[in-house]
Amino acid sequence: MLRDLWDGLPVLAQDVAILLALLAPLLLIGGFLLRGFAPWPLVRAVLWRFRWANGMFVALIAISVGMGIGLIAQERGLRQGTAAAADKFDLVVSAPGSEMTMMLATVFLQPSDVPLLGGQAYNTVANHPNVDVAAPLAFGDSYDGAPVIGTTADFARHLSDDRIEGRMWQSAFEAIAGAAAPVGIGQTFTPAHGMGDEAEENAHELVEFTVVATMPRTGTPWDRAILVPVEAVWEVHGLANGHAPEAGDQLGPPFDAAYFPGTPSIIVRAEALWANYALRSEFTRQNEMMAFFPGTVLANLYRVMGDVRQVMSIMSVVTQVLVAASVLLGLFILTRLFRRQVAMLRALGAPRRFVLSVVWSYAASLLLAGTLAGIAVGVGATAAISTVVTQRTDILVNASLGWGEIHLAAAFLAATSLLSVLPALATLRQPVVEGLRA
Amino acid sequence: MIGKAQTSSLLALIAVLALTMPTAAAEDHGHAHGAAAHDEDHAHDDDHAHDEDHAHDDDHAHEEDHGHEEDAAHAFETAGVKIVHPWMNATSGREALIFLELENIGNGSVSLEGAEVPFAETATLVGFALENGEGRYRDLPFVPVSPGRTLDLAPEGLAILASGLTRDFTEGQTVEITLQTSAGKIPLIVAVESETARQHSHAGHNH
Numbered sequence: 003m004l005r006d007l008w009d010g011l012p013v014l015a016q017d018v019a020i021l022l023a024l025l026a027p028l029l030l031i032g033g034f035l036l037r038g039f040a041p042w043p044l045v046r047a048v049l050w051r052f053r054w055a056n057g058m059f060v061a062l063i064a065i066s067v068g069m070g071i072g073l074i075a076q077e078r079g080l081r082q083g084t085a086a087a088a089d090k091f092d093l094v095v096s097a098p099g100s101e102m103t104m105m106l107a108t109v110f111l112q113p114s115d116v117p118l119l120g121g122q123a124y125n126t127v128a129n130h131p132n133v134d135v136a137a138p139l140a141f142g143d144s145y146d147g148a149p150v151i152g153t154t155a156d157f158a159r160h161l162s163d164d165r166i167e168g169r170m171w172q173s174a175f176e177a178i179a180g181a182a183a184p185v186g187i188g189q190t191f192t193p194a195h196g197m198g199d200e201a202e203e204n205a206h207e208l209v210e211f212t213v214v215a216t217m218p219r220t221g222t223p224w225d226r227a228i229l230v231p232v233e234a235v236w237e238v239h240g241l242a243n244g245h246a247p248e249a250g251d252q253l254g255p256p257f258d259a260a261y262f263p264g265t266p267s268i269i270v271r272a273e274a275l276w277a278n279y280a281l282r283s284e285f286t287r288q289n290e291m292m293a294f295f296p297g298t299v300l301a302n303l304y305r306v307m308g309d310v311r312q313v314m315s316i317m318s319v320v321t322q323v324l325v326a327a328s329v330l331l332g333l334f335i336l337t338r339l340f341r342r343q344v345a346m347l348r349a350l351g352a353p354r355r356f357v358l359s360v361v362w363s364y365a366a367s368l369l370l371a372g373t374l375a376g377i378a379v380g381v382g383a384t385a386a387i388s389t390v391v392t393q394r395t396d397i398l399v400n401a402s403l404g405w406g407e408i409h410l411a412a413a414f415l416a417a418t419s420l421l422s423v424l425p426a427l428a429t430l431r432q433p434v435v436e437g438l439r440a
Numbered sequence: 172m173i174g175k176a177q178t179s180s181l182l183a184l185i186a187v188l189a190l191t192m193p194t195a196a197a198e199d200h201g202h203a204h205g206a207a208a209h210d211e212d213h214a215h216d217d218d219h220a221h222d223e224d225h226a227h228d229d230d231h232a233h234e235e236d237h238g239h240e241e242d243a244a245h246a247f248e249t250a251g252v253k254i255v256h257p258w259m260n261a262t263s264g265r266e267a268l269i270f271l272e273l274e275n276i277g278n279g280s281v282s283l284e285g286a287e288v289p290f291a292e293t294a295t296l297v298g299f300a301l302e303n304g305e306g307r308y309r310d311l312p313f314v315p316v317s318p319g320r321t322l323d324l325a326p327e328g329l330a331i332l333a334s335g336l337t338r339d340f341t342e343g344q345t346v347e348i349t350l351q352t353s354a355g356k357i358p359l360i361v362a363v364e365s366e367t368a369r370q371h372s373h374a375g376h377n378h
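From first to last, the protein sequence lines are chains A and B.
Take the position in the first sequence, starting the count at 1, then add 2; the result is the number in the numbering used here.
Take the position in the second sequence, starting the count at 1, then add 171; the result is the number in the numbering used here.
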């Protein structure tokens, strides 16, 4: 019954309920200790009097909480960023081999030498009644570090959600640049053969592409890419251009199997959700071709990452326990610092619960300040790291504060605040007379 | 389904509760168990034809309690459809995914439409997709399979999602379900693998 009720709640309600449950013991003990008292002027005075020691404490807690939070937030940011990069790639058909290699090549534009699919295979895919878009890709060339990729107009529209600025290419040597590509509309470029340091600058000397459009930013590695008609890439490499000679300057499908030089992968898009799964079984043919969902490959990767994350989470929990222990120890020492003041209070006839409330409020204030600062440290660190990752990989990684982090922080705060009742109790055990002499 | 982040925060919550209110936590536990047991009792009352606990229904050839696991078949064939290696993970939760391989060995297209799962409230054909970095299983109406092709139901892919489970499942058990296809209904015996298994323990064998 309870389980059904819980499962029936919206996710937000579940998250809020967990947070409240985590903070409840804190509020209960606070309410019990503080009821009817106003210890704040005294607490403020103690906080100010020992501000350096207190500051160190808060910083220590902040860094430990921040580490834990940063870890969870960064992992989620990376996961969401990489998953978003695969959004446009429902199903990929390629020659049999490693799904991971092909996924990296197509979704993240990290091409490696892979076998090609021939014209027959391409036509089998393209002519299937459930297939709406079947885009061949041609990798290998680059310009100024940006990959130049041959494909079809349909794929360019699909990739940009049909929001191309400028016009679609009308001849083989026109190009569409990604938002982060080093060329803009109206500019011309000559692609180099290959990528990176090994690129041969002069291999395609006589070829010049003109950029006629740009695509909006997608937050994926494709932002750096320059798309050109696949026919142009084939022609530049001295291959047939996918069409019979009598087809003239035709661009895009249908392709003639006899003049199809081959493609490392075909991006397949189907309108109906179920069709993707049917097509996967359709195009999985031993020794001929394979079909895979980049999302599934990524999910498997996340599963491995999840295991690593759990190990790291345990490490960060252990760190926090250690910090909590040292906080406790520190509080014992700090309470010795104002031993005389406490003895004075008690000599003046302050009730035990009042003394307890002062010492506990002081400890809880340090913990609360440290935890809040820790959340800020965690988000700040995540934002900084995410910016670097986004710059280096073009994968948009957002730093955001999720419920997992808030729960972690709340659990830390609740547990340490409860434990800090112990040093508060310890101050009560100190004899008043000795305290006054101290 | 409960995500990993939620699980860890739940653990944190339990830790805090355990620290502070051991008695209250224990009480909660008792309640949860009580509720589960209650549900099971209901399942027994109902007339579930394929319930394993009704082992005395003699007309069911593949009762779990008969200890037929050794000779339980891993391949099932009906009307041009061959099902190989149906399996699920052991669970005490409310949901389970059932996986299998469906081979179309006939001459016409066959659609997988769903399943009748006697130990669950609902059973639907679902497909995996990443949404915002989190995996989701979305309902699918059917998936057609051409002659000579195999449809793979596997983790992070296609599956039969059984929700509202009426009992727990432990490794080594077998359970009966009926697959619904356009070629007719196919009764199957599903092997329960470990909680963390990623495939049928006989995967890779030829049947």
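There's no promise every hint is true.
Here are some, though not all, of the chain A residues that point toward chain B, as calculated from beta-carbon distances under 8 angstroms [claimed, not checked]:
{"id": "1", "residue": "40"}
{"id": "2", "residue": "43"}
{"id": "3", "residue": "46"}
{"id": "4", "residue": "49"}
{"id": "5", "residue": "78"}
{"id": "6", "residue": "81"}
{"id": "7", "residue": "284"}
Hints listed in this document are in silico derivations from the structure and should not be mistaken for laboratory results.
Cβ atoms here follow ideal geometry from the backbone N, Cα and C, with glycine treated the same way.
Each hint, compared with the structure:
1. With its C-beta approaching chain B no nearer than about 26 angstroms, residue 40(A) sits outside the 8 angstroms limit, and its interface hint is violated.
2. For the restraint placing residue 43(A) at the interface with chain B, the shortest Cβ-Cβ distance is roughly 29 angstroms, beyond the 8 angstroms limit, so the hint is violated.
3. For the restraint placing residue 46(A) at the interface with chain B, the shortest Cβ-Cβ distance is roughly 28 angstroms, beyond the 8 angstroms limit, so the hint is violated.
4. Nearest Cβ of chain B to the Cβ of residue 49(A): about 26 angstroms, over the 8 angstroms cut. The hint is violated.
5. Interface restraint check for residue 78(A): the shortest CB-CB distance to chain B comes to about 7 angstroms, inside 8 angstroms, so the restraint holds.
6. Checking residue 81(A) against chain B by beta carbon gives a least distance of about 4 angstroms; that is within 8 angstroms, so the hint holds.
7. At its closest, the beta carbon of residue 284(A) sits 6 angstroms from a beta carbon of chain B; the interface hint therefore holds under the 8 angstroms criterion.
In the structure shown, a violation is registered for the earlier hints numbered 1, 2, 3, 4, in ascending order.
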